[in-house]
Amino acid sequence: MGRVIGIDLGTTNSCVAVVDNGQPAVVPNTGGYKTTPSMFAISQDGKRLMGHLAKRQAITNSKDTVYAAKRLIGRRFDSTEAQRSIDLCPYEIARGPNDDPRIKIGSKTFTCPEISGIILRGMKRVAEEYLGEPVQEAVITVPAYFNDTQRQCTKDAGKIAGLEVLRIINEPTAAALAYGMGREGDEKIAVYDLGGGTFDISILEMSDGVVEVLATAGNTFLGGEDFDRRVVAHLVEWFQESEGIDLHSDTMALQRLKDAAEKAKCDLSIRESTEINLPFIASDAQGPRHLNYELDRATLEGLVDDIVQGTLKSVEQCVQDAGVGATDIDQIVLVGGQARMPLVQNAVAEYFGKRPHKGVNPDEVVALGAAIQGSSLVEEEGNVLLLDVTPLSLGIGTFGGHFARLIDRNTTVPVSKAHIFTTTRDDQSAVKIRVLQGESDITLENDLLGEFVLSGIRPAPKGEPEIEVSFDIDANGIVSASARDTATGKEQSITVNATGTLSDEEISQIIEENELYEVELKE
Amino acid sequence: MPGSAESRVKIECEVSEEDLARVPRLASGCDPTGLELSPAEGFLLSRIDGQTSWKLLREIGGLTPDQVDLCIEEWLMEAYIDIDGRPPRVKRRETAIPEKPKPKRTMLPGEIDESLIDSSLDLDVALQREILEVEQKLECDYFTLLGLEREADGKEIKRSYFVLSKRFHPDRYFRKNVGDYGERLHTVFKAISEAYELLSDPASRKEILASLADPYRVETFSEPGDPAAGTTTSRKPLSPVERLRQRMLFRMPEGMRDEKTAQGDDLFKAAQQSERMGRFAEAAANLRLAVAFDPFNREYKRALGKLQAQIARDRIEELLSSASGGLGENEKGEARRLAQEMVLHRPKDAKVLSLAARLYVELEDADHADEYADRLATAAPDDGEHHRIRAMVHRLRGNKGHAVSEVNKALELDEIDAEAKKLLHLLRGGSRRT
Numbered sequence: 001m002g003r004v005i006g007i008d009l010g011t012t013n014s015c016v017a018v019v020d021n022g023q024p025a026v027v028p029n030t031g032g033y034k035t036t037p038s039m040f041a042i043s044q045d046g047k048r049l050m051g052h053l054a055k056r057q058a059i060t061n062s063k064d065t066v067y068a069a070k071r072l073i074g075r076r077f078d079s080t081e082a083q084r085s086i087d088l089c090p091y092e093i094a095r096g097p098n099d100d101p102r103i104k105i106g107s108k109t110f111t112c113p114e115i116s117g118i119i120l121r122g123m124k125r126v127a128e129e130y131l132g133e134p135v136q137e138a139v140i141t142v143p144a145y146f147n148d149t150q151r152q153c154t155k156d157a158g159k160i161a162g163l164e165v166l167r168i169i170n171e172p173t174a175a176a177l178a179y180g181m182g183r184e185g186d187e188k189i190a191v192y193d194l195g196g197g198t199f200d201i202s203i204l205e206m207s208d209g210v211v212e213v214l215a216t217a218g219n220t221f222l223g224g225e226d227f228d229r230r231v232v233a234h235l236v237e238w239f240q241e242s243e244g245i246d247l248h249s250d251t252m253a254l255q256r257l258k259d260a261a262e263k264a265k266c267d268l269s270i271r272e273s274t275e276i277n278l279p280f281i282a283s284d285a286q287g288p289r290h291l292n293y294e295l296d297r298a299t300l301e302g303l304v305d306d307i308v309q310g311t312l313k314s315v316e317q318c319v320q321d322a323g324v325g326a327t328d329i330d331q332i333v334l335v336g337g338q339a340r341m342p343l344v345q346n347a348v349a350e351y352f353g354k355r356p357h358k359g360v361n362p363d364e365v366v367a368l369g370a371a372i373q374g375s376s377l378v379e380e381e382g383n384v385l386l387l388d389v390t391p392l393s394l395g396i397g398t399f400g401g402h403f404a405r406l407i408d409r410n411t412t413v414p415v416s417k418a419h420i421f422t423t424t425r426d427d428q429s430a431v432k433i434r435v436l437q438g439e440s441d442i443t444l445e446n447d448l449l450g451e452f453v454l455s456g457i458r459p460a461p462k463g464e465p466e467i468e469v470s471f472d473i474d475a476n477g478i479v480s481a482s483a484r485d486t487a488t489g490k491e492q493s494i495t496v497n498a499t500g501t502l503s504d505e506e507i508s509q510i511i512e513e514n515e516l517y518e519v520e521l522k523e
Numbered sequence: 001m002p003g004s005a006e007s008r009v010k011i012e013c014e015v016s017e018e019d020l021a022r023v024p025r026l027a028s029g030c031d032p033t034g035l036e037l038s039p040a041e042g043f044l045l046s047r048i049d050g051q052t053s054w055k056l057l058r059e060i061g062g063l064t065p066d067q068v069d070l071c072i073e074e075w076l077m078e079a080y081i082d083i084d085g086r087p088p089r090v091k092r093r094e095t096a097i098p099e100k101p102k103p104k105r106t107m108l109p110g111e112i113d114e115s116l117i118d119s120s121l122d123l124d125v126a127l128q129r130e131i132l133e134v135e136q137k138l139e140c141d142y143f144t145l146l147g148l149e150r151e152a153d154g155k156e157i158k159r160s161y162f163v164l165s166k167r168f169h170p171d172r173y174f175r176k177n178v179g180d181y182g183e184r185l186h187t188v189f190k191a192i193s194e195a196y197e198l199l200s201d202p203a204s205r206k207e208i209l210a211s212l213a214d215p216y217r218v219e220t221f222s223e224p225g226d227p228a229a230g231t232t233t234s235r236k237p238l239s240p241v242e243r244l245r246q247r248m249l250f251r252m253p254e255g256m257r258d259e260k261t262a263q264g265d266d267l268f269k270a271a272q273q274s275e276r277m278g279r280f281a282e283a284a285a286n287l288r289l290a291v292a293f294d295p296f297n298r299e300y301k302r303a304l305g306k307l308q309a310q311i312a313r314d315r316i317e318e319l320l321s322s323a324s325g326g327l328g329e330n331e332k333g334e335a336r337r338l339a340q341e342m343v344l345h346r347p348k349d350a351k352v353l354s355l356a357a358r359l360y361v362e363l364e365d366a367d368h369a370d371e372y373a374d375r376l377a378t379a380a381p382d383d384g385e386h387h388r389i390r391a392m393v394h395r396l397r398g399n400k401g402h403a404v405s406e407v408n409k410a411l412e413l414d415e416i417d418a419e420a421k422k423l424l425h426l427l428r429g430g431s432r433r434t
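These protein sequence lines are chains A and B, in that order. For what it's worth, this note's numbering labels the leading residue of the first sequence as 1, then goes sequentially. For what it's worth, this note's numbering labels the leading residue of the second sequence as 1, then goes sequentially.
Everything labelled a hint here was simulated from the structure, so no lab data went into it. Careful, some of the hints might be misleading.
Lysine to aspartate or glutamate pairs mimicking EDC-like chemistry, simulated, CA-CA at most 16 Å apart [unchecked claim]:
(1) A:LYS432 - A:GLU451
(2) A:LYS108 - A:ASP45
(3) A:LYS63 - A:ASP45
(4) B:LYS176 - A:GLU451
(5) B:LYS301 - A:GLU464
(6) B:LYS155 - A:ASP328
(7) B:LYS206 - B:GLU149
(8) B:LYS166 - A:GLU380
(9) A:LYS188 - A:ASP330
(10) B:LYS176 - A:GLU379
(11) A:LYS108 - A:GLU513
(12) B:LYS166 - A:GLU513
(13) B:LYS166 - A:GLU184
(14) A:LYS104 - A:GLU129
(15) B:LYS155 - A:ASP186
(16) B:LYS155 - A:GLU379
(17) B:LYS55 - B:ASP365
(18) A:LYS432 - A:ASP485
(19) B:LYS158 - A:GLU379
(20) B:LYS55 - B:GLU18
(21) B:LYS155 - A:ASP208
(22) B:LYS166 - A:GLU451
(23) B:LYS158 - A:GLU451
Pulled out of the complex, with its shape left as it was, chain B reads as follows (with noise of 0.2 Å):
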């Protein structure tokens, strides 16, 4: 978290209702790689996709409520994200808390911890400041890191590492007094060398630079033919772990990629096999195996999201035709768990949306209903359904007067709108009853 005062402060915030319902969203242009995260705020950071709200993010973020308001309300400040281009009202309250060890700040780029610098090595002061510039540029793409042009060539590339090699091997200060050098050394030299082997291979060459003209390539669930599809493509700063994941197949070397891929595809089988008898629940976890053995295999990840909202989809409507006489508190737990699980695999998919809304209606969840029809007017915005889903929320919040200014716009795009005039007519019985 991006703390820079001498002892931190911990910022109390009540976040009015109105921001909660807000959607925060990356900034444009920012660079989040910059920012020193925890692996819980870089997966918070990760859900900030312009789709979330504030609220939901308290929800799923991974953190406690107070935790994510805590980083959203930073991020907004360093203006990393912004939450429709207007600042939060937010009220604040400030508590002193006990200093925690002070966080590493991050350096500008150039810029080097004068307080490393130990003159009573045995390794030359400006050596020192070397290996602590080229121990900053390991964040950065390989090509960087080794001083070359995306154009570079194999001789090039051979050339610069054995220059820095020269530079860098521990071997060079063998049995030397080096201090915490000795563990840098060898952190830069493998760096250096990983660099080396991967842009040396065609293969890997091709899949780096393909992921730099791309940094936040995402692999996203909807089917080619999805109409919503590709339009608004989120940019999510990848964890460690998804970078690692990026990484692993071409850092493989061929015979084991080649098993991988063959293991892959026996478990994409098997698992469209189980599909076929209906085994869904046998089916998934087929496919899961089959992305953990292939990770690069759009079309098992496509299928397995496809294959969890299916799952999700079926137990949700299981549920609600079975709710007759209302959710049970487990059942209901569940089912928010599985309309999230079915809109993160398929966000534009109206008829997803549409379920998700119902559900939350069903729920007597104003607030997310209407966040899901927000997004199914986005989705399907020629349909009734989101203005059915709307005026159904504002008859849960008691306000008739915009339900019925919602059954109309449903009406006038379809004046046979079954559903929207059975509406009408309960939101005027109801009316005649009061």
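One chain only, chain A, in its complex shape (with noise of 0.2 Å):
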């Protein structure tokens, strides 16, 4: 069995790591770069393009330029989040048989698994022909607050990728791991993630490598990409002032606005001011126009501030959940490229009292930790212990449309729990269980993963039959429910299997087609 590698599938960057003779490394592309875009794109000449050649054709090519695919999949169409997605990205979205997103590039329609299952095949060819051997396992990271459905997309896609997942770990877990590994003594950590499109916080405590995440928390519709919004509608705003020319429809000057105020922003991380040139952006009866916009740090500041302020929201519920004090955080780990703006480090700096640790490289700390955890899975003496937890509560739906949790979220896998229901009629013969997930107190703004019926309960008045209720979580996140009725013995029991947006047969048909395309994703 070959090595297992990890991979941080980002919003807009992704990165794969491995561990050689007990080091985890992060693996360069064969462009030298440690991380790799998240783009796909099909070329005008039909060519299909990942990594930095799709990034490289992206202004000319906006339409058929997939980027950041992380913040539609496993969502469904109707979901706010992907109508914002459609309001914001130059590509087409479409509805798709099962109420899924798709993304149309020319004539073909591709699911978001498979998009990120190009990538994916992508990272995994990089980590090949770096160690010279082919790679079948994985470990992926997703953003604490995936849900089931999002979670099992994201295994498809490495199923697409033709890649076995071992695990799906939360990605400021894989920081911890990644900055816990060889530590010893006990730490509290606090790790702050402003990815590309997600942010994420998560509180874990860690002793002698072994890992215990105590509350996550965290947004999956901000990052950086917000960052870069805020300075493209400032331009956007700016030159329509100055020059009279409003750019906010012109598809290829957006992208090229999107390019410089990523860069912008960018250079503003380690410069006080920055100039913005975009020659010939636009052109009217007077000829050819040119944007030429000095940029500094203090508006940019001004531009994102209650961004910044929003995660620290966050923060706050996160650290409470925790039962730890600001004060009690022993490290802080910072995470994602957004991570280096210095506005962004002195709130996080100013509202835990102390600075955030400076040896890790926030670009590539989750991609080692997924390494490092895929490692100690399969290594004779794995040296890292990751107690996982379940992202979502997990209950049942009671009378009256209320939510009772039986496993709460943030609770260590694997997991049984156990709980004593009733009847509300009298001579209620059934109870029929409802399987649910999520936060909400109310029943019907939970989702339903699956439910069963048990009969044959004896007559009697309401609320003297005793149903126990128990719920199971195995290691590899697998939920089974069942329910007994105490008086009879009687059992009904279900097991839980996350669907994805796929069939297993749309699956293999997908990575049929893709295995015609595989020469062309080579950089």
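Fit chain to chain and form the complex, with the hints in mind.
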């Protein structure tokens, strides 16, 4: 069996790492870059491109270039998040047969797991070229706030890429593993992860290689791209005022502005001011127009300050959930490219009353952690142990539309929990157990994972029968539920299969189709 | 059941009437948790409270009379229970029955089943032993499971949890050929993480310490002012379901706990309202739901017990007053059930015991009437009622001499006892006729 790779499948960039001789290391791609853009495109001459190649041609081919597909994966077409992407993205998003968002490039329609699968396949190849041996197994990271469907879709994407996904782990947890490997003693750490598209905050406790997640909070729809958009909007507004030309419906100009905004934002992390130079951005009767703008750090910070303050609300909630005080945190680990911004670092430092840890690379630490988890699973003497938790609460629907939680979110897995329920009508002979996942107290607002009926309850006045309902999650995250009438011993149970948006047949069909394009994906 | 012979021998018992009238009780200092019992047997054991006769156990124990006899006899032999400190006089006939699957032997502490060790697995034999040892500790309290003193602080709890996790987390043995140990590791890890979760939360830790201080704490339905309350709290072992119910509340997330408590409160208020309006059945239904929502609220349980006893009592009184021409078979059955329910909820209430005893006199069931008279004598020794009932019992059994002496005892306590005088008159009149 070959080595297990760790993949950080990011919204904007992806990164792959492997543990080599006990040392985790990021694998650079053939271009020498340690991260690869999570972009996929079909060029005008029909070639399939991913990574840097896809990014390079994005400006001239914005309609057929897909980025930030992670924002859509595992969501329903009608969800607010998907609708927001539809408004923002230059590529076309259509409703799929399972009510999932699908991406249209030319005449071909792609599912989201398929797009992510293509990115993962690219990352797999990067690792294979570096290691000189085939790779079959991977640990892939997702934001802590991903629900079951999003996780399952990410697993499906791995399958499409020809990978066996040993585990899906949370990005902040992976970062903590990478930070904590080889460290001794007890520490409480906060992982502040502000990536391209998502924001996560986790509080973890570690002691001699054991990592326990205390709490997690975040926002799956907030990240560095929101910063870019603010800058783009600012530039569009400025250009309108100074030149009288409206750029906001010009897709090519917008793509150039977006790239320039991202670059300027990065520049301002190390400099006080930067110049944005976009010649021939537009033209009118007077001829071509150029955009030339001096952006300074203070202006940028003014544009995005409310976003940064918004992340601190999640931090506050997380610290409370963890049952600790802000000053109990021993170490702050920053993850994600956007966390390089001085404004972000200062806000975090001010909140916790100490400077963040400097020893890790925010772009690479998640992939390193995934590789560490992969190797600690398969190695004889793994040196870290991750006490992973359930991302969302599990429970059943009860009388009056109330959601009764049996397993709270952030509970360490594997876990079993039981609770006694009763009937609500006299002589009720059956109960329907609806297994749900979510955080709302109202049944209807949570996701239904499955349901079953326990019948043959002996006639009795309401409130008298005792129905013992048990939930079990094993180490692989598989959920099963059972109900037992304590009087008769009669029992019913189900195993809840997390379902992605694709069936097994669809997945194998996609795998077959993609074999044809193997070669063109090379960089 | 503690059967140890190679092929189980079914012991057919013929229990003497004398023994049937006797009241078994749990032997002092015995820990019944070491027994390997089916839920039905556990239920029977829980009914042995030092108040219920062998005969009554046969009826209410949930097993057939034969099974009840067999259990009681075996527990007597194993000295888990005793009867008035004397060995029972039981005639035995032994008949071999086909061998059943061998029951799992109860292991002594520290002893493991060597047959479970499998050296062909990718799991160190020493580690296999360790897993089996921890598995045995699963029935122990949470402190023992984590290897901690009851005074352990948060840091020590966490440390022990981390150390045990490193040893037993299923991920440590990912993809290894571990046979049955995979399932065992899951069970063990779940138990230690439950122990850690509950001991780290101050509220649940407090509950756990309280239940450790009094492992057989049971809810009794006596009212606070009840003079008989608390004198002889019975020690009942908890069934698995009862144990779950005890743990349930503090295992619940706080939001849910609050919601359930609020729902319980609403239902309780609704029940009080129904009770005031005289709608007892409706009140009882609401109270049952209130108890289901908030099983730790003693007030609800007490109210429910009181109400159920009240309903049973009203119905019995109704049956008795309309029974001038004798009760029908159905009514007799109902009356017996009601009497049991009423006494279950108010085991020390003199009025309840007296009503039950009188009911059995009416039903011409001298044995039961006698039993309740016994209990009445304990509950209210200074009242003549138990003498009057004994007199009726003796009269039923045709033992007039004894009956007269009981009436006289009643008259000694209260010389103007009209009912006793009437009884005396009746007994004398009866004797003249013969």
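Please flag the earlier hints that this structure goes against, numbers listed from lowest up.
4, 12, 14, 16, 19, 22, 23
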